[in-house]
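Peer 1: Position chain R with the ligand relative to chain L; hints supplied.
One letter stands for each residue in the lines below.
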Amino acid sequence: MAASGARLHLVTPVWNRSTRGIRGLSRAVGPEGSQKKGRSLLQFLADRFYDVQALREYLLRKQVLTVHQKNRPFTYIQERFGPHVAGVYFILKQGGAVKFQGKEWIRSNARGHFPLDFVTFQAVPVEAVDASGCAINYQGLDSLLALKELQSLWLQRCPHVDDWCLSRLHPLANSLQELSLAGCPRISERGLACLHHLQNLRRLDISDLPAVSNPGLTQILVEEMLPSCEVLGADWAQGLKSGPEEQSRDTASPIPA
Amino acid sequence: MLRRALRLGLGRGPLSRGLGTHRGDSTLDQNGKLSEIKKKIQSVLPGGAWNPLYNTSHLPPEHSDVVIVGGGVIGLSVAYWLKRLEKRRGAIRVLVVERDHTYSRASTVLSVGGIRQQFSVPENIQLSLFSIEFLRNINEYLAVVDDPPLDIQFNPAGYLLLASEKGAAVMESNVKVQRQEGAKVCLMSPEQLRNKFPWINTEGVALASYGMEHEGWFDPWCLLQGLRRKVQSMGVLFCHGEVTRFVSSSSHAVTTSGEEVTLKRIHEVHVKRDHSLEYQPVECAIVINAAGAWSGQIAELAGVGKGPPGTLQGTRLPVELRKRYVYFWHCPQGPGLETPFVIDASGAYFRREGLGNNYLGGCSPTEEEEPDPGNLEVDHDFFQNKVWPPLAQRVPAFETLKVRNAWAGYYDYNTFDQNGVVGPHPLVVNMYFATGFSGHGLQQAPAVGRAVAEMVLDGHFQTINLSPFLFNRFYLGVKVQEHNII
Ligand SMILES: Cc1cc2nc3c(=O)[nH]c(=O)nc-3n(C[C@H](O)[C@H](O)[C@H](O)COP(=O)(O)OP(=O)(O)OC[C@H]3O[C@@H](n4cnc5c(N)ncnc54)[C@H](O)[C@@H]3O)c2cc1C
Chain L
1 MAASGARLHL
11 VTPVWNRSTR
21 GIRGLSRAVG
31 PEGSQKKGRS
41 LLQFLADRFY
51 DVQALREYLL
61 RKQVLTVHQK
71 NRPFTYIQER
81 FGPHVAGVYF
91 ILKQGGAVKF
101 QGKEWIRSNA
111 RGHFPLDFVT
121 FQAVPVEAVD
131 ASGCAINYQG
141 LDSLLALKEL
151 QSLWLQRCPH
161 VDDWCLSRLH
171 PLANSLQELS
181 LAGCPRISER
191 GLACLHHLQN
201 LRRLDISDLP
211 AVSNPGLTQI
221 LVEEMLPSCE
231 VLGADWAQGL
241 KSGPEEQSRD
251 TASPIPA
Chain R
1 MLRRALRLGL
11 GRGPLSRGLG
21 THRGDSTLDQ
31 NGKLSEIKKK
41 IQSVLPGGAW
51 NPLYNTSHLP
61 PEHSDVVIVG
71 GGVIGLSVAY
81 WLKRLEKRRG
91 AIRVLVVERD
101 HTYSRASTVL
111 SVGGIRQQFS
121 VPENIQLSLF
131 SIEFLRNINE
141 YLAVVDDPPL
151 DIQFNPAGYL
161 LLASEKGAAV
171 MESNVKVQRQ
181 EGAKVCLMSP
191 EQLRNKFPWI
201 NTEGVALASY
211 GMEHEGWFDP
221 WCLLQGLRRK
231 VQSMGVLFCH
241 GEVTRFVSSS
251 SHAVTTSGEE
261 VTLKRIHEVH
271 VKRDHSLEYQ
281 PVECAIVINA
291 AGAWSGQIAE
301 LAGVGKGPPG
311 TLQGTRLPVE
321 LRKRYVYFWH
331 CPQGPGLETP
341 FVIDASGAYF
351 RREGLGNNYL
361 GGCSPTEEEE
371 PDPGNLEVDH
381 DFFQNKVWPP
391 LAQRVPAFET
401 LKVRNAWAGY
411 YDYNTFDQNG
421 VVGPHPLVVN
431 MYFATGFSGH
441 GLQQAPAVGR
451 AVAEMVLDGH
461 FQTINLSPFL
471 FNRFYLGVKV
481 QEHNII
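Top line first, the protein sequences correspond to chains L and R. Going by UniProt numbering, the first residue of the first sequence is number 1, and it counts up by one from there. Going by UniProt numbering, the first residue of the second sequence is number 1, and it counts up by one from there.
Excised from the complex, chain L in its bound form:
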C-alpha cells in the first residue's frame, strides 16, 4: 500500500524543530504555562489526580456563582412594590446607602438590618446612592438603573464594577451629575470613554484606577470629552486619601454647588 508506506517518520531533524515550536507555543498558552516554582499543594495534587482538578474547577465556579447570587434582582419586591423600591432594597441589602430627596441617608447597621419605612416613599425620587465597596456587578446594575432620577452615584472600590458596567450607565444621562469611580480595580480608559453619554455630569472622580494604563493622559482626554465636568484624577487623590469617602458618607447634600 502506497499510503501506509508514506506514513509518518518520527525522527527527521526538521520535525524536531517544528516540534519544539509547537511545544513552545503550548507552554505559552496552555496549562503548562502555570508550572511556576512556588506551587501549592493543591496544584501539585491537581496535576496528578483528576478529582482534585475537578474540585478546584468547582471552587472556581463557586466563587463566580456567589457574586451572581448577590446580584440577583429581588423579583418578589419588584412585583409587589415596583422597580423603584426594589432598587433601593437591593442597594441596602448590598450594604450601600440611599438618600431620598429631602430625607436622611438610609443605610444598614452593623448587622445588616435597615429600616423598611422607605417602602412608603414610592413617589419620592432617590437622589443619591452610595454603593462604595459593594459587590454590585453588571447584572446588579439592572436594579440600580430603575432609579431614574439619580443625581449622585458613588461606586468607589467596587471589585466587580468594570468597563462593561460603565457602558450601561447611559439611561441615567438626564439626571446624573456626580459620579465617583475611585479605586475600582477593573475600570480602564476603555470604559471611561463611554461616559461621554453622561453630558450632565458636573463632577467625576476617576482617581486611583489601577487598570488605567495612562492615568495622566486619560484624565486629559476625559476632560476634553466632558468639557463642563470637573474631573478628579490621579494627583488630586494623593493629597486627600480619605476625602471623597468621608464626604459621601456624611454630607447631607452631596452635590457641591
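Think of the hints as simulated: they come from the structure by calculation, not from any bench. Given the structure is predicted, the values throughout are model-derived calculations rather than measurements. Just so you know, not all the hints are guaranteed correct.
Stated by the list, open to error - A short list of chain R residues far from chain L (calculated; beta carbon distances all over 12 Å):
1) Ile132
2) Asn137
3) Val145
4) Glu213
5) Ser233
6) Thr256
7) Gly314
8) Val326
9) Gln393
10) Lys479
11) Asn484
Said to hold, decoys possible - Across the chosen pairs, the derived CB separations fall in these ranges:
12) L:Gln122 <-> R:Glu203: 41 to 51 Å
13) L:Leu145 <-> R:Ser164: 32 to 42 Å
14) L:Pro185 <-> R:Asn405: 28 to 38 Å
15) R:Gly258 <-> L:Lys62: 54 to 64 Å
16) L:Leu145 <-> R:Ala397: 28 to 38 Å
17) R:Asn465 <-> L:Tyr76: 50 to 60 Å
18) L:Pro185 <-> R:Asp100: 35 to 45 Å
19) L:Leu55 <-> R:Arg194: 12 to 22 Å
20) R:Ser467 <-> L:Ile220: 24 to 34 Å
21) L:Leu59 <-> R:Gln153: 20 to 30 Å
22) R:Trp221 <-> L:Lys93: 38 to 48 Å
23) R:Gln297 <-> L:Leu145: 46 to 56 Å
24) L:Tyr76 <-> R:Arg89: 32 to 42 Å
We treat Cβ as the ideally placed atom computed from N, Cα and C, and that holds for glycine.
Peer 2: Frame of chain L, contents of chain R with the ligand only:
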C-alpha cells in the same frame, strides 16, 4: 513498576502497533515502540500529562471522533462547544488541525476586532448578541484553574452607521429589527449627530444609527489564545499540519423526487506535516470545515462541487479569498475618546486605536477593483484614492493625517450572499461547515461554534436557529439578504 512496564513494552510485539510499524526502518520502529511504552506507562500510573520519555503530543492521533480543519477562532470555538456540550466528560475526541501555529495569515488575527448588532438579518443580530454575552463573561466560559484571567480589552464605544438619503429608509427598518431582537440602537438626525460628535461633517448624511451598548471592538488575539488555552485544558488535541486529502466512500441513493444522488462519507483525513512529504492518516467520524478563507479548497478536496452544473452535487462552496487592507494612521487633531466605530455611507470605516490620536480604518473595494489575493502586500494608492477622500470629507480633521502602518488580511468571502455557511453538507454527510462569514466572522465565532456543536451532537440547532445559513441555499438559490456587509 516502571522497569516492568518498559520491559513489557519492549518485549512484546503486538504492543508496538504504533506509528513505527508502518515502515520497516529500525530506528523508527524503536521510536514507535517508545511512544507505545509511554502510553502503557501512562495507563498504569495515575495522573495526566506526565511524560516519562518524551512528548509526542504534536503528532496527530490515529483516530479522532471529530477533526476540525483550521485552528482560527471559528475552529477553536467549535472545539470548545463540542467539549462543553458533550454529555459525559471525555465522551468525544476532538482534534484541531492547523497548518500555521504562528497564525501569520489567519483572518482572526488580521481583523480589526469589531462587534456590532447593526445587521439587518435577525439571525446575524442574534449571533452577535450571543457573542457579546460570551465576551462579557469570558472569564467564566474560558476560566482555567491557575491561569490568569483574560483581558479581552473590550472598547464599548459603539458603532455609528451613516446613511445618505437613499439609504435612510433601509436604515430605519433595519433599526426596527435590531431593536426587536434586543439590541440597544438609536437613530440620530444630522442635527443630533453634530451635537454629539462635533467633529463630523454631516453633509450628505440623512440619518445615523448608533449602538449604545454591546458594540465596539476587542482584541482578537486574546480571544484566540483564551479559547486555545481552554480547549487544551478540556482535552482537545492540537496538531500542526495541513489537511491535504480526504478518503471517503460513496453510496447511491434516490431522492423522493426520483433523482439519483451520490452520498459520500469521509473516513480518513490526511494530515501533511510542514517541510515533509509524508502524511499521517487520521480516522474520523466527523470533519468540520473551519478553514476560513481557504475552506473552499477544503470543500473541493472532499468532492463538494464535483458534478454536473446545476445539480446539488455540482454546487460549489462559494467561499473565496478576498484581500482587504487596513491602514493605521495618526492625526493629532483627530476625534477624541468618545469616537465610535464609524461606518460612512460610502463604505469607508475607521475607529480609534488606543489613546494617542491613532486610528485605523479601510474600505471594501468594488467587485471590479478586487485586488489579486495571491499575496498579502498592501496597496498604498488604495488609501490615497479610495479610503482617505471619503473619510476626510466626513471628518475634516483627517485632512492632515499620517499613515504609519498598514496590513492586509483575507476575508472568508462568500460570493453568493456574504453570509456564513453553517451546518452539514447534504451529500458529503459528515462534513460540517463553519465558514464564509465575509468580514463578520470574528464576532460570530462564539455563537457559531455553539450552533455547529449542537448540530453535531443533537442533529439540529437549539440556541439560535441558523437554518437559513445551511449549504442548501446555494443550490436552491435563496440568498440571505443582509444590507450591512462591510
Ligand atoms: C481586514 C479584516 C478585518 C476584519 N474585521 C472584522 C471585524 O471587525 N469583525 C469581525 O467579526 N470580523 C472581522 N473580520 C473577519 C474575521 O476575521 C473572519 O471572518 C474570522 O476571523 C474567520 O475566522 P476563521 O477561524 O474561520 O478563519 P482564520 O482565522 O483564517 O482561520 C482559518 C485557519 O485555517 C487554517 N487552514 C486553512 N487551510 C488549512 C488546511 N488545509 N489545513 C490546516 N489548516 C488550514 C489557516 O492556517 C487558518 O489559521 C475581518 C477580516 C479581515 C481580513
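Peer 1: Does the beta carbon distance between Pro185 of chain L and Asp100 of chain R stay inside 35 to 45 Å, or does it fall outside?
Peer 2: For Asp100 of chain R against Pro185 of chain L, whose Cβ atoms are near 37 Å apart, the range 35 to 45 Å holds.
Peer 1: Quick one: are Leu59 of chain L and Gln153 of chain R within 20 to 30 Å, going by C-beta?
Peer 2: holds (27 Å)
Peer 1: I want to verify a distance hint. Is the separation of the beta carbons of Gly258 of chain R and Lys62 of chain L within 54 to 64 Å?
Peer 2: Once the Cβ atoms are compared, 60 Å apart, the range 54 to 64 Å for Lys62 of chain L and Gly258 of chain R holds.
Peer 1: When you take the CB atoms of Pro185 of chain L and Asn405 of chain R, is the distance between them in 28 to 38 Å?
Peer 2: holds (33 Å)
Peer 1: Hey, is Glu213 of chain R genuinely clear of chain L, shortest beta carbon separation above 12 Å?
Peer 2: The claim breaks: Glu213 of chain R does not keep its Cβ more than 12 Å from every Cβ of chain L (closest is about 5 Å).
Peer 1: Given the hint of 32 to 42 Å, is the C-beta distance from Tyr76 of chain L to Arg89 of chain R inside that range or not?
Peer 2: holds (37 Å)
Peer 1: Take a quick look at Gly314 of chain R and tell me if its Cβ sits farther than 12 Å from every Cβ on chain L, holds or violated.
Peer 2: Since the minimum Cβ distance to chain L is about 28 Å, Gly314 of chain R lies beyond 12 Å and the statement holds.
Peer 1: Indicate whether the distance between the beta carbons of Ser467 of chain R and Ile220 of chain L respects the range 24 to 34 Å.
Peer 2: violated (51 Å)
Peer 1: Beyond 12 Å from every chain L Cβ: check whether that's true for Val326 of chain R.
Peer 2: Label holds. Min Cβ-Cβ 20 Å, cutoff 12 Å.
Peer 1: Confirm or reject: Thr256 of chain R is not an interface residue toward chain L, with every Cβ-Cβ distance exceeding 12 Å.
Peer 2: Label holds. Min Cβ-Cβ 38 Å, cutoff 12 Å.
Peer 1: Are Asn465 of chain R and Tyr76 of chain L spaced within 50 to 60 Å by their CB atoms?
Peer 2: Check failed, 34 Å falls outside 50 to 60 Å.
Peer 1: State, for the Cβ atoms of Trp221 of chain R and Lys93 of chain L, whether the hinted interval 38 to 48 Å holds or is violated.
Peer 2: Once the Cβ atoms are compared, 40 Å apart, the range 38 to 48 Å for Lys93 of chain L and Trp221 of chain R holds.
When each numbered hint is compared with the structure, violations occur for hints 1, 2, 3, 4, 5, 17, 19 and 20.
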